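K.L.:
All chains, full assembly: derive it from the sequences and hints.
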Amino acid sequence: MAVEKKIPSEEIVNDKFDQATANLLVKTGLGLSIGIVASALLFKRRMWPVTFFTGAGVGASYADAQRIFDSVSALGRPTVTNNNANNTNNANNAA
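Sequential numbering of the sequence shown, starting at -16, is according to my numbering.
No lab work stands behind these hints: they were computed from the structure. Do not take every clue at face value.
Said to hold, decoys possible - Calculated lysine-lysine pairs in the BS3-like style (CA-CA distance at most 25 Å, straight line):
id : residue 1 : residue 2
1  : K(-1)     : K10
2  : K(-1)     : K(-12)
3  : K(-1)     : K(-11)
In this text, all values refer to a predicted model and were calculated from it rather than measured experimentally.
P.N.:
Set out below in structure tokens:
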């Protein structure tokens, strides 16, 4: 008989937090890099491209963290519709 080993909720939250933190570091670093290159090549070494692209990286990682922690709004999950309204409309149309 196979015994199912349950994972404590703290480990699940820790894994999600680790994933969100790694995502923050990668996307912020990528935004910072793109901002530095854009500032040096296109915008005469101004500071605003660095700030803009770093903020875009932080914003993208924040959106991903919300998706990671909120499993209800996960991509690919079917949405629940009001079937009662559809059934009454179909019954009225058939009569």
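K.L.:
Does K(-1) pair with K(-12) here, judged by a C-alpha cut-off of 25 Å?
P.N.:
holds, 19 Å
K.L.:
What's the verdict on K(-1) and K(-11), does the C-alpha distance respect the 25 Å limit or exceed it?
P.N.:
With a Cα-Cα distance of about 17 Å, the restraint between K(-1) and K(-11) holds, given a limit of 25 Å.
K.L.:
Under the criterion that the straight-line Cα-Cα distance not exceed 25 Å, is the pair K(-1), K10 satisfied?
P.N.:
holds, 16 Å
Hint violations for this structure: none, all hints satisfied.
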